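Visitor: Line by line, the protein sequences give chains A and B. Heads up, the first sequence is in this note's numbering, so the first residue is 1 and it goes up one at a time. Heads up, the second sequence is in this note's numbering, so the first residue is 1 and it goes up one at a time.
Treat the hints as calculated values from the structure; they're not laboratory data. Some clues are possibly wrong.
Below, simulated DSS-like cross-link-like pairs (lysine-lysine); rule was C-alpha separation at most 27 Å, straight line [as the list claims (entries may be wrong)]:
1. B:88 x B:112
2. A:179 x B:151
3. A:158 x A:134
4. A:149 x B:112
5. A:188 x B:151
6. B:78 x B:112
7. A:109 x A:122
8. B:154 x B:171
9. B:78 x A:188
10. A:179 x B:154
11. A:149 x A:134
12. B:61 x B:112
13. A:202 x B:151
14. B:78 x A:158
15. B:61 x B:88
16. B:88 x B:78
17. B:171 x B:112
18. A:41 x A:71
19. A:188 x B:171
20. A:71 x A:42
21. A:50 x A:62
22. A:202 x B:171
23. A:202 x B:78
24. A:62 x A:78
25. B:78 x A:71
26. A:151 x B:171
27. A:109 x A:134
28. A:158 x B:154
29. A:202 x A:179
30. B:78 x B:61
31. A:134 x A:122
32. A:78 x A:104
Since this is a predicted model, take the numbers as computed values, not measurements.
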Amino acid sequence: MNTTMLLIIGGAAIGVVLIIAAVVLATSGKGKDKKAAPKSKKELAESYEKMMQDDVYHIFSKEFHEELRNKARLDFQKVISENAMFLQQDLRLTTSEINEYLKKEVSGKLEEEFAAYQQSIKDVQQAAVESLNKTVAAAQEQQLALAQKMKQDTEAEKAQIIAQFEANMAEIVSHYVVKTVGQQIDLKDQMPFILREMEAQKEPMRRDMWL
Amino acid sequence: MSKAVKLDDDTQFGLPPALIGRSDVSRLLREIEEVDYALETQAIRTPDQPLTIPAISRALKETLTLNNIEITNLNERKRLIDSLREAKETAPNVQITFAVDPEPAIASFLVKWIRENLHPRALVTIGLQPAIIGGCVVRTPDHIYDFSLRKRFKDEEANLIQAINAAIARK
Numbered sequence: 001m002n003t004t005m006l007l008i009i010g011g012a013a014i015g016v017v018l019i020i021a022a023v024v025l026a027t028s029g030k031g032k033d034k035k036a037a038p039k040s041k042k043e044l045a046e047s048y049e050k051m052m053q054d055d056v057y058h059i060f061s062k063e064f065h066e067e068l069r070n071k072a073r074l075d076f077q078k079v080i081s082e083n084a085m086f087l088q089q090d091l092r093l094t095t096s097e098i099n100e101y102l103k104k105e106v107s108g109k110l111e112e113e114f115a116a117y118q119q120s121i122k123d124v125q126q127a128a129v130e131s132l133n134k135t136v137a138a139a140q141e142q143q144l145a146l147a148q149k150m151k152q153d154t155e156a157e158k159a160q161i162i163a164q165f166e167a168n169m170a171e172i173v174s175h176y177v178v179k180t181v182g183q184q185i186d187l188k189d190q191m192p193f194i195l196r197e198m199e200a201q202k203e204p205m206r207r208d209m210w211l
Numbered sequence: 001m002s003k004a005v006k007l008d009d010d011t012q013f014g015l016p017p018a019l020i021g022r023s024d025v026s027r028l029l030r031e032i033e034e035v036d037y038a039l040e041t042q043a044i045r046t047p048d049q050p051l052t053i054p055a056i057s058r059a060l061k062e063t064l065t066l067n068n069i070e071i072t073n074l075n076e077r078k079r080l081i082d083s084l085r086e087a088k089e090t091a092p093n094v095q096i097t098f099a100v101d102p103e104p105a106i107a108s109f110l111v112k113w114i115r116e117n118l119h120p121r122a123l124v125t126i127g128l129q130p131a132i133i134g135g136c137v138v139r140t141p142d143h144i145y146d147f148s149l150r151k152r153f154k155d156e157e158a159n160l161i162q163a164i165n166a167a168i169a170r171k
């Protein structure tokens, strides 16, 4: 980048110096054409030679000057164009290099970041999986314990209910029979049963009566 | 110790089935005493005229018939009164408890059976206890004989539990 900038600035400075030189050359030849006197060839030659030595610009006409200026301008433009082209090429090269560099750097950084991110994601995932596994294991243990407790409680309650039911079986059946048949049991129908029972216990009852 | 008194067969006084409990005996005793008083009064007032027997209850009639007693005969009346007093005080009492109130015919039938098979002068008290469901509970002077359905259920409790367990196992 800095080299390119220096080239641009150097080219611009050279161009400015050339322009200033051309302007100075153009202005320095004015007013010297008034001493036009008939001289011999030798004098003329000497005079020209002297003029050439003193002021090189007196040998060129205005058109030639203008032509030189144009030529210089064109050369300058050419130089400028070439420099600009070089500059452009340099810029393109630099840009591409910068792009490559940036691409490389950014890709590397991104890859690093992605790798770190993936690693951290993996770590978090691993930690989450471990935590979930622990939670599931704890939940399963708790569920098992709860199921066992519930089973024990149910068994105990069942045993208690059965024991209570068996203990009060006669009362339960009696209550059920009383509720269902109640007063509908005819005493007349019970007489054979009563007499049979009393007949069976007749002797002990008789002994008891005659005590 | 029971108050029952064993009498000789010849002198044994019988109670008809219409006389169930001690209160019936007391009522009959009052009635026969009134009749005795009325007949004695007649005999004193009108010794030449035959005695007019006042209206008597069916229980008294049955008692007289059962024991072959001539009511106009003073001695037999006195014997009846003495026998009733003795029965009231000494006859053994049997309490029979039913689940429902028994009809008079059933009560009389049971009283007759008791007097024929257990004691001729046994007095019976009828009780009511719906909890026994059916059958009866007989309480003699020294024992309780439970012939109730509740007792049957209690006795069959093991079989019932076994049957229930078998039914549960089948399921």
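Visitor: Against this structure, judge whether each hint is valid.
Guide: How the hints compare with the structure:
For the given pair, residue 88 of chain B sits about 17 Å from residue 112 of chain B by alpha-carbon distance, which is consistent with the 27 Å threshold. Restraint check: the Cα-Cα separation between residue 179 of chain A and residue 151 of chain B comes to about 17 Å, which is no more than 27 Å; the hinted pair holds. Between residue 158 of chain A and residue 134 of chain A the CA atoms are separated by roughly 35 Å; this puts the pair beyond 27 Å, and the hint is violated. For a cut-off of 27 Å, the pair hint linking residue 149 of chain A to residue 112 of chain B is broken: about 65 Å separates their Cα positions.
Between residue 188 of chain A and residue 151 of chain B the CA atoms are separated by roughly 19 Å; this keeps the pair inside 27 Å, and the hint holds. With a C-alpha separation of about 25 Å, the suggested pair residue 78 of chain B and residue 112 of chain B falls inside the 27 Å cut-off, and the hint holds. Distance restraint check for residue 109 of chain A and residue 122 of chain A: the Cα-Cα separation of roughly 19 Å lies within the 27 Å cut-off, and the hinted pair is therefore satisfied. The straight-line distance between the Cα atoms of residue 154 of chain B and residue 171 of chain B is roughly 26 Å, inside the 27 Å bound, and the hint therefore holds.
The hinted pair formed by residue 78 of chain B and residue 188 of chain A fails the criterion: a straight-line CA distance of about 39 Å is larger than 27 Å. The straight-line distance between the Cα atoms of residue 179 of chain A and residue 154 of chain B is roughly 17 Å, inside the 27 Å bound, and the hint therefore holds. Of the supplied pair hints, the one linking residue 149 of chain A and residue 134 of chain A holds, its CA atoms being roughly 22 Å apart against a limit of 27 Å. Restraint check for residue 61 of chain B and residue 112 of chain B: the C-alpha separation of about 17 Å stays at or below 27 Å, so the hint holds.
Distance check on the hinted pair: residue 202 of chain A and residue 151 of chain B sit about 18 Å apart at the alpha-carbon level, within 27 Å; holds. Simply put, residue 78 of chain B and residue 158 of chain A have alpha-carbon atoms about 72 Å apart, too far for the 27 Å limit, and the pair is violated. A hinted pair counts as satisfied when its Cα atoms are at most 27 Å apart, and residue 61 of chain B with residue 88 of chain B qualifies at roughly 18 Å. This hinted pair checks out: residue 88 of chain B and residue 78 of chain B have alpha carbons roughly 15 Å apart, not beyond 27 Å.
Taking the CA atoms of residue 171 of chain B and residue 112 of chain B, the gap is near 52 Å; set against the 27 Å cutoff, the hint is violated. Proximity of residue 41 of chain A to residue 71 of chain A is assessed by CA-CA distance (about 33 Å); at most 27 Å being required, the pair is judged violated. Between residue 188 of chain A and residue 171 of chain B, the direct Cα distance comes to roughly 40 Å. Violation of the 27 Å bound is thereby established for this hinted pair. Annotation: proposed proximity of residue 71 of chain A to residue 42 of chain A is violated, straight-line Cα distance about 33 Å (limit 27 Å).
About 20 Å separates the Cα atoms of residue 50 of chain A and residue 62 of chain A, which keeps this hinted pair within 27 Å; it holds. Between the alpha carbons of residue 202 of chain A and residue 171 of chain B the distance comes to roughly 45 Å, so the proposed pair goes past 27 Å and is violated. A hinted pair counts as satisfied when its Cα atoms are at most 27 Å apart, and residue 202 of chain A with residue 78 of chain B does not qualify at roughly 34 Å. Restraint check for residue 62 of chain A and residue 78 of chain A: satisfied, since their Cα atoms lie roughly 23 Å apart, inside the 27 Å limit.
Restraint check: the Cα-Cα separation between residue 78 of chain B and residue 71 of chain A comes to about 190 Å, which exceeds 27 Å; the hinted pair is violated. Taking the CA atoms of residue 151 of chain A and residue 171 of chain B, the gap is near 20 Å; set against the 27 Å cutoff, the hint holds. For the suggested pair residue 109 of chain A and residue 134 of chain A, the alpha carbons sit about 36 Å apart, so the restraint of at most 27 Å is broken. Distance check on the hinted pair: residue 158 of chain A and residue 154 of chain B sit about 23 Å apart at the alpha-carbon level, within 27 Å; holds.
Taking the CA atoms of residue 202 of chain A and residue 179 of chain A, the gap is about 32 Å. The hint is violated against a cut of 27 Å. With a C-alpha separation of about 16 Å, the suggested pair residue 78 of chain B and residue 61 of chain B falls inside the 27 Å cut-off, and the hint holds. A threshold of 27 Å between alpha carbons decides the hint, and for residue 134 of chain A with residue 122 of chain A the separation of about 18 Å falls inside it, so the pair holds. This hinted pair does not check out: residue 78 of chain A and residue 104 of chain A have alpha carbons roughly 37 Å apart, beyond 27 Å.
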